[in-house]
Amino acid sequence: NDELAASDAWRWVLSRQISFFAKEEEFKGLLKWIGEENPFFERLITLAGSFDFSANPRKPFEHWEFVDASFRDLVGRMTALDPVKRITAKDALMHPWFSAD
Numbered sequence: 001n002d003e004l005a006a007s008d009a010w011r012w013v014l015s016r017q018i019s020f021f022a023k024e025e026e027f028k029g030l031l032k033w034i035g036e037e038n039p040f041f042e043r044l045i046t047l048a049g050s051f052d053f054s055a056n057p058r059k060p061f062e063h064w065e066f067v068d069a070s071f072r073d074l075v076g077r078m079t080a081l082d083p084v085k086r087i088t089a090k091d092a093l094m095h096p097w098f099s100a101d
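The opening residue of the sequence shown carries number 1 in our numbering; numbering runs sequentially from there.
I should point out that these hints are in silico values taken from the structure, not numbers from a laboratory. Take the hints with a grain of salt, since some may be wrong.
With beta-carbon atoms standing in for the labels, derived distance ranges [said to hold, decoys possible]: (1) R77 / L31: 31 to 39 Å; (2) A9 / I45: 26 to 34 Å; (3) L30 / K59: 18 to 26 Å.
Subject to a maximum C-alpha distance of 25 Å in a straight line, what follows is the list of computed PhoX-like cross-link-like pairs (lysine-lysine) [claimed, not checked]: (4) K85 / K23; (5) K85 / K32; (6) K28 / K85; (7) K28 / K59; (8) K85 / K59; (9) K90 / K23; (10) K59 / K23.
From the three backbone atoms N, C-alpha and C, an ideal C-beta is built for every residue, glycine too.
Full structure from sequences and hints, please.
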């Protein structure tokens, strides 16, 4: 069923975004911004509540020490939930990671 597949894809993508890139204060800000009457509000609350942190602890990308620090910084800026904090495409292309040897 296509609707179920789309729902599963939505859940998978969002769970990865939240697990790897979302900062708690940004996630709370997103919920506040969309408001409780938005149909996605409950879906996001349910999704965030479905993480089993004891069996599979959250591993934010910014703490992946095996990945180059400059690259982690770039990706973190590109994936910020808060659009004000998110890097622009122009600024991203000027990020030091692109000129690193």
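For each hint, the structure was consulted:
A hinted range of 31 to 39 Å for the beta carbons of R77 and L31 is inconsistent with their spacing of about 22 Å. For the pair A9 and I45, the beta carbons lie near 19 Å from each other, so the given range of 26 to 34 Å is not met. For the hinted restraint 18 to 26 Å between L30 and K59, the CB-CB distance of approximately 20 Å keeps it satisfied. With a C-alpha separation of about 12 Å, the suggested pair K85 and K23 falls inside the 25 Å cut-off, and the hint holds.
Under the criterion of a C-alpha separation no larger than 25 Å, the hint pairing K85 with K32 is consistent with the structure, at around 17 Å. The straight-line distance between the Cα atoms of K28 and K85 is roughly 15 Å, inside the 25 Å bound, and the hint therefore holds. Distance hint between K28 and K59 is fulfilled; the C-alpha atoms sit about 18 Å from each other, no more than 25 Å. Of the pairs offered as hints, the one joining K85 and K59 holds, with about 21 Å between alpha carbons and a cut-off of 25 Å not exceeded.
With a CA separation close to 24 Å, the supplied pair K90 and K23 stays within the 25 Å bound. For the proposed pair K59 and K23, the alpha carbon gap of about 11 Å is at most 25 Å, so the pair holds.
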